[in-house]
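Trainee: Sequence:
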Amino acid sequence: MYSKFLTRDLQIARAAAAKSIPVYPWLCYGGLCSPIVNKYLVYVDIDHISIAYSGFLSQVVTNAVVRIVKRH
1309 MYSKFLTRDL
1319 QIARAAAAKS
1329 IPVYPWLCYG
1339 GLCSPIVNKY
1349 LVYVDIDHIS
1359 IAYSGFLSQV
1369 VTNAVVRIVK
1379 RH
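Residue numbers (this note's numbering): 1309 to 1380.
Among the hints, a few may not be true.
Pairwise CB distance ranges, derived in the manner of DEER restraints [as the list claims (entries may be wrong)]:
id : residue 1 : residue 2 : range
1  : Ser1342   : Gln1367   : 18 to 24 Å
2  : Asn1346   : Ala1326   : 16 to 22 Å
3  : Ile1344   : Arg1379   : 30 to 36 Å
4  : Lys1347   : Ala1323   : 37 to 43 Å
The hints are simulated quantities; they were obtained by calculation from the structure and are not laboratory data.
Every residue, glycine too, gets a C-beta built ideally from N, C-alpha and C.
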């Protein structure tokens, strides 16, 4: 299921001349998507991550965006 979304998102990014940031490594490792990372519950359902984990990732996301912006 994820590969379908990834393919779609990459096509949309290319069409818009945008850079896509892969988030899979932040959620899954080695093909396994753990429901717990460190002390955080990651998922609240199949499509949503928890508020606590999104807060944990906020600096990671910010850093990824800043790196892209600085390159262009």
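Trainee: Taking the Cβ atom of Lys1347 and the Cβ atom of Ala1323, is their distance within the range 37 to 43 Å?
Mentor: holds (39 Å)
Trainee: State, for the Cβ atoms of Asn1346 and Ala1326, whether the hinted interval 16 to 22 Å holds or is violated.
Mentor: The hint (16 to 22 Å, Cβ to Cβ) is violated, given that Asn1346 and Ala1326 are roughly 31 Å apart.
Trainee: Regarding Ile1344 and Arg1379, is the given constraint of 30 to 36 Å on their beta-carbon distance met?
Mentor: 34 Å Cβ-Cβ, so the 30 to 36 Å window holds.
Trainee: When you take the CB atoms of Ser1342 and Gln1367, is the distance between them in 18 to 24 Å?
Mentor: holds (20 Å)
When held up to the earlier numbered hints, the structure conflicts with hint 2 and nothing else.
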